[in-house]
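Enquirer: Make one complex out of these two single chains by using the hints.
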Amino acid sequence: MLVSPFSTVMGYSSPDGKGIYLKPTSEAAPDGWGEPRMDTTGATPVPIIPGTPGGPLERCLLRRKGSSYKASATKYFQKSGNITWWGDWRNPAKQVKGKHVLSYNGPKLRYFRDEGFNYGSDSSHNEIYYLGNFATIAPGPVLGACLRKINFYDPIAQKTAEETFIIVAVYQDGMDKFYKKRWPFRLKTPYNMSDAVREKEMRLYDAAEEPYGWIPMGTFAKPVDAYPPETPWFFNQSGTAAVAMRRTKQTFNNGYEDVTEDKFVRLKADVSDSNVSVSDLGNLAPLQYLEKYSKEHPTYVSTDILDYDHSWQEDHVKVTISLDGAQYVLCDYVGDTLYWGKVKYQIIRIQEGYYTKGTDPAQYVITYNGQDKNISNLGLRFGPRVHNNIEYGYVDPVPYVPAPADHEVTWWISVYEKVTLYYGPEGNEESGSIDLHYYDNGTSDEWAGNPRQQNNPYLYYYQFYTRHLRGFCDLRNMAFFSRDLHKYGLWQNSTATVSQTEKFKDTLYTEGNSSGEDKRSVKKTKTGTSEFGWPYTDMEQWAATFNITLSRTTYVATWPAGNYQGEIQKPGAKTFYAGDTTGDHAANWPSISDLLYGPVNQCKGNGVRTEQDSLAYSVEVPDVENEGSYVIISDTKPAGDPAALVGYGTKFYPIGSC
Amino acid sequence: MTRKGSDKGASADSFMLYNRFFEYERIVSTVSVTDEGIFQAGQVPSTYGGAQLDIQCVHAVFMVNSKAEMILMEFEVEPPMDSERKTGGPIIRDGVEIRAKTGNSDVPITQTTIPNAALDNNRKLLGTAAKAQFKADLAAQPSQPKS
Chain A
0 MLVSPFSTVM GYSSPDGKGI YLKPTSEAAP DGWGEPRMDT TGATPVPIIP
50 GTPGGPLERC LLRRKGSSYK ASATKYFQKS GNITWWGDWR NPAKQVKGKH
100 VLSYNGPKLR YFRDEGFNYG SDSSHNEIYY LGNFATIAPG PVLGACLRKI
150 NFYDPIAQKT AEETFIIVAV YQDGMDKFYK KRWPFRLKTP YNMSDAVREK
200 EMRLYDAAEE PYGWIPMGTF AKPVDAYPPE TPWFFNQSGT AAVAMRRTKQ
250 TFNNGYEDVT EDKFVRLKAD VSDSNVSVSD LGNLAPLQYL EKYSKEHPTY
300 VSTDILDYDH SWQEDHVKVT ISLDGAQYVL CDYVGDTLYW GKVKYQIIRI
350 QEGYYTKGTD PAQYVITYNG QDKNISNLGL RFGPRVHNNI EYGYVDPVPY
400 VPAPADHEVT WWISVYEKVT LYYGPEGNEE SGSIDLHYYD NGTSDEWAGN
450 PRQQNNPYLY YYQFYTRHLR GFCDLRNMAF FSRDLHKYGL WQNSTATVSQ
500 TEKFKDTLYT EGNSSGEDKR SVKKTKTGTS EFGWPYTDME QWAATFNITL
550 SRTTYVATWP AGNYQGEIQK PGAKTFYAGD TTGDHAANWP SISDLLYGPV
600 NQCKGNGVRT EQDSLAYSVE VPDVENEGSY VIISDTKPAG DPAALVGYGT
650 KFYPIGSC
Chain B
0 MTRKGSDKGA SADSFMLYNR FFEYERIVST VSVTDEGIFQ AGQVPSTYGG
50 AQLDIQCVHA VFMVNSKAEM ILMEFEVEPP MDSERKTGGP IIRDGVEIRA
100 KTGNSDVPIT QTTIPNAALD NNRKLLGTAA KAQFKADLAA QPSQPKS
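Keeping their order, the protein sequence lines are chains A and B. Residues in the first sequence are numbered consecutively from 0, following numbering that gives the first Met the number 0. Residues in the second sequence are numbered consecutively from 0, following numbering that gives the first Met the number 0.
Heads up, a few of these hints could be off.
Computed list of lysine to any residue pairs in SDA-like fashion (alpha-carbon distance at most 20 Å, straight line) [said to hold, decoys possible]: (1) Lys98/A to Gly49/B; (2) Lys74/A to Ser45/B; (3) Lys74/A to Asp34/B.
To spell it out: a stretch of chain A is covered by chain B in this simulated footprint if at least three of its residues, at any positions, have a beta carbon under 8 Å from a beta carbon of chain B; those stretches are [claimed, not checked]: (4) 2 to 11; (5) 71 to 79.
Pulled from the structure, derived: some chain A residues nowhere near chain B, Cβ distances all over 12 Å [what the hints assert, rightly or not]: (6) Leu61; (7) Pro138; (8) Asp153; (9) Thr159; (10) Ala160; (11) Glu162; (12) Thr188; (13) Arg197; (14) Ala207; (15) Glu208; (16) Leu280; (17) Ile304; (18) Asp331.
The hints are simulated quantities; they were obtained by calculation from the structure and are not laboratory data. Positions of the beta carbon are idealized from the N, C-alpha and C atoms, including for glycine.
Bound conformation, chain B alone (with noise of 0.2 Å):
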């Protein structure tokens, strides 16, 4: 089966139909689906015995094209408790602290980044170069959203 449009050369650019973005990294952190609703992770409550379904929750992740654009799809995730089910802790990301806590809860939150461990070589350097440029865009433009 051949390609249509294969015959036009062989470049990369010309090669997408559409534009293709992989993902480069993501940040998550672990909460606690239960009947009662969600915790931070080893914050369900002691008297609780129900259903516990522990999850890795996805808050943003980074995609990258083979322009070194980058997006940012961020989601809305409803903020966990903690073991005296209050919210609102201070974010913690990769160790530094990204939000000062804005609800009742003292229990940090902590996020991770995780980079995408499936990447070659080219795509990394290419993600590395997105990041860079996304950052060098944000700090121009400080009104944009914080990630």
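Just chain A, with the same shape it has in the complex (with noise of 0.2 Å):
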């Protein structure tokens, strides 16, 4: 490199490295672009033309400059998990330099577990990236990570010294671990990166040999019955403290016998510049299952038009369960706030039968002064005449005619279900929510006298969804992204505490759909969460099943000597954790693990929320519009459209940031 001894420097830009890193792909190439990204003589390398899948630079650096998105590869900025812990700012005095972050790899939703994800299983869950390039590499899976300034007596100086430590928590022995080592913001370029550097960084301190090496910090032994570490560490950001979750096998008793299911215990840890105790702070009480019948028999007795007496009875059965309580499912600091998330249930489902006895048929005629009148009196009883339909085994006779002394039985099923995640500080942790799954067909009162339609059984939904977090959650600026039975969407906190005229989207970018036309100004003048998404005009996609179970469906009659009143049976009770809704009981509704967990946060694609306030996702997943086949959606379009902003590929997974 050769210029003149004369030269004067105009200006320099620092290798910055804030941003999303994206990884290119094709249908041809599914792992990524690699290198060469040039043709085979190497001319002529724009257009790009993909390389060797798979290969080095695979990844590429989008950084947001104002309204824009700009793309980069280069052999320096290569490397970036998709678990993020975020610092102080690197310059209070130039914010937009942005915080102090480290990335590590993770689950894909930061907070619940990925069935496609375990601690240990590759070499890279090991390393913590900085700005890029290598921070260093752990002596184990790496659960969390962070930076703190300690004083450090460096016995080889004899002086001591305020110095920044990686503290880190590493899944090893079987335990969790916690370590420490001085690191001077020393990157090892991904190009660098080889063996003999990978061994030495894992080193443990020595004061001669090894300065820089690791040095234990405390051991936390793992929970009787506990899985190993299926979610990370998350420290604060001033490195003092750090909180988990962790699943653990759980023996009760339900209130009827000795059951094994999985539950969530609380992780705690408390950072000292040399050590670090983690204490269990448990769960809450298990959720209540509960169920109840009860009886009524009341006697009637009305007068025909003829005014003859017809006297009936009935049987109103009710049966009712309910799930009530909550579990703490994630953890996180937002800064130095310690947060708190818990999936809360309130559900109940009550069936009411009737069960009339001394009813007349339909038509029954008497002749009466040479007229024939139909005294019949099944016009004149109780109950409710309608039905709902909700796919349980009752058959309703069609046309109904009961006989002379026959009982009719007709049904009402209420159903309220509503299942929340609410995460907020600790002390008031239901300051935010997410309904994941919400249900009400409304009571027989509010549906009494409409007739049923046989042609459209789902007449009486009220309201109902269930949401699964996809591809993407945090809570630090709440983001989540989700699919509910209708759409995939983004639901996003806004931030503006001042009147401003925003431009939301109302539908995500899709590869069918990336024209600029589908924002809408809207005026925000406080805080709130915006919902992006695929529009409601899709409902007529509902899902034509939805199991709603209530074993409870025969029931016998007796009159006049069955007569009694009051309960027929004692209330049930039962209770459980977050594993198991399943069972003789069953009821059906959707569990913590089917809302958060397992083969539904199962997708390719990411998504990553920066420090800086950038988001990007671009996810492929199941197209609820036409079955068998998928759809990419994103939610920018220059994120989503590779093809003029990278260069290269048909389509793009975010990796993480720095």
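Expert: And the structure:
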């Protein structure tokens, strides 16, 4: 490199590396492109021709400059993880430079286990990244990491000085172990990483031989019957505390028998300069399942048009089952404030059966004064005459023609179900919420008099949806990506505190919808939640089945011998935690596992939220409108238009940020 | 402190014990030095994300002495690349193409002549005269390299 000695420097742009790291892919190379990104002659690198799938330089850095994005791919910025720790500002006077950010690998949804992710299954799980490069390599799979300034006595130099340390929680030898190491912001560039460097980075501290090695701070033995770590430790901004959720097996008596179910415990670590102590905060009381049967036996006498008395009796049998309670499922720090998240169940299902005995046929005709008169009491009896028919085993005889002295049965099922993910700072943990499941079909009183429509059994659905978090969730600046039965959507906290007009997207960008006309101006005057997604016009695509199971569908009325009143069976009571909501009292409501874990969060792609408020996601998900096909959705048009922005590949997946 | 020989007279020429030159003007261009080489101004590829040093690169300096004699110092500068990493585009100096393209780049390299703004009027006159003479000499000796 040669310039003249009289040259003068006009400006310097530091290699910031801040932004979102993307991995371009295509059908031909789903693992992503790598070098060389030029044609075989090397003469014309533009347009960039796809290179070696999975090769080096497979990622590019997407940086937001003003309102536009800039993509770059160099050998200097290639490394990032999807789990981030946000520290203090790198330069408080220049906050545009962002915060100190460490990143490492973890489950896709940050807080919830990902069945495709197992700590220790890949050597990259030991890596910690900073500004697109390696910060260091930990001695085990990284569960959490942070930076903290600690006064350190160097026995070689024989002086004490405040130095920056990386503190890390790793999973090693079946235990959570905490280490720290001096880290003077020495980055290891991806193209210089070797097995030798990796091995040296993992060594323990020795004042003479390894002055920058790892220093043990504490060990936390795995709780009894706990699963291996599935979600990270989250450190606070100051590096003085960390929290984690851990799944364990719990054996307990549910009111009838001893059962073993999964449960979450909350772990909290207090981090001092030299050691770490972990305490188990447990969880809330288990969910309470209750079932209750009651029966009333009213008798009635009515007079027909001919002044004849008609008497009949009814058995009103009511079955009520309910589920109440909450369980903590996630934790995080926003700055230095501890946040908890819990799933709260409010479910009640009521099945009412009206067994009427003593009614007449619809046509009970007598001759009176030479005229035919219908004196049937069918129109006189009480109880609902309308039915809702939500997939349970009852078949309504059509047309129903009761025989004399026969009994007629009508039913009503009331369902109110609400499962909510609450989150908020400790002490105010229900300050924010996301409805994960909501279903309300109204009561019999609300629907009395409305004829049932055989062709539309869903007429009585007031509200109905179940939302699955997918691909992306970060409560530090709350945003999550979800799928419910009708659409995919992005929920995002609005942070405006003064009146301003912003353009929101009604619809997400997809391959088939890349126009810029899908925004609307919204005048915001306060903080709130914005929703993006496919519009509700798609609600006609409602799923055709929904399981509501109430197993008590048979009842044989006895009259008059069985003419008793009051409770016919003592209430049942069972308790359970997060894991198992099935069994002989099957209720088929969505379990915590259904909503937050397992296959429902499996989808290609990812989302990334940066400490500078940038957000990008690009996820390939099943198309709700075309069964069997998939659709790519992303939140931003530039990010969703990789051909123009990145120059190669047909789609991309966000990897992480630094 | 007195200077040796100061008692011999106050002539400017006799006063100088060495041949003293001052910068009259310089020819510069702006380049960006990156980890991947030197690029013309504004031509750093969008796929590059590393450090970038923007430099006013000096190609030549015209030096003049008190006898209105001019010397030209030229510096060998690595040819900057355009955004497609091609080199050898035409050179445009002060709006005039002084050299046709020599490579496969079509992006012109812009050079600018910058006079020394710190000169007093006498030195400016000296420089103007020297440069006029310099051009005349060049014209008389066409075999001289063109700057």
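Enquirer: Look at each hint and say if it fits the structure.
Expert: Hints, verified against the model:
Between Lys98/A and Gly49/B the alpha-carbon distance is near 19 Å, which keeps this suggested pair within the 20 Å criterion. With a CA separation close to 14 Å, the supplied pair Lys74/A and Ser45/B stays within the 20 Å bound. The straight-line distance between the Cα atoms of Lys74/A and Asp34/B is roughly 10 Å, inside the 20 Å bound, and the hint therefore holds. Restraint check on the region 2 to 11 of chain A versus chain B: 10 residues with Cβ-Cβ distances below 8 Å, three needed, restraint holds.
A count of 5 residues in the region 71 to 79 of chain A with a Cβ less than 8 Å from any Cβ of chain B is obtained; the coverage claim is therefore met, three being the minimum. Listed as outside the interface, Leu61/A is inconsistent with that label: its C-beta sits roughly 10 Å from the nearest C-beta of chain B, within the 12 Å cut-off. The beta carbon of Pro138/A is kept farther than 12 Å from every beta carbon of chain B, the shortest such distance being approximately 30 Å. No Cβ of chain B comes within 12 Å of the Cβ of Asp153/A; the nearest lies about 31 Å off, and the non-interface call holds.
At the 12 Å boundary, the C-beta of Thr159/A stays outside the reach of chain B, the nearest C-beta of that chain being 34 Å off. At roughly 28 Å, the least C-beta separation between Ala160/A and chain B is larger than 12 Å, which holds for a residue marked as non-interface. Distance check on Glu162/A: its Cβ is at least 25 Å (rounded) from any Cβ of chain B, clearing the 12 Å threshold; non-interface status holds. Distance check on Thr188/A: its Cβ comes as close as 10 Å (rounded) to a Cβ of chain B, failing to clear the 12 Å threshold; non-interface status is violated.
The non-interface label for Arg197/A is consistent with chain B: the shortest C-beta to C-beta separation is roughly 23 Å, beyond 12 Å. Against the 12 Å criterion, Ala207/A stays outside the reach of chain B, whose nearest CB is about 35 Å from its own CB. A cut-off of 12 Å between C-beta atoms confirms that Glu208/A is not in contact with chain B; the least separation is 33 Å. With a least CB separation of 43 Å from chain B, Leu280/A remains clear of the 12 Å interface cut-off, as annotated.
Residue placement check: Ile304/A keeps its beta carbon more than 12 Å from all beta carbons of chain B (closest about 89 Å). At roughly 30 Å from the closest C-beta of chain B, the C-beta of Asp331/A stays outside 12 Å, upholding its exclusion from the interface.
Hint compliance for this structure: hints 6 and 12 are not met, and every other hint is.
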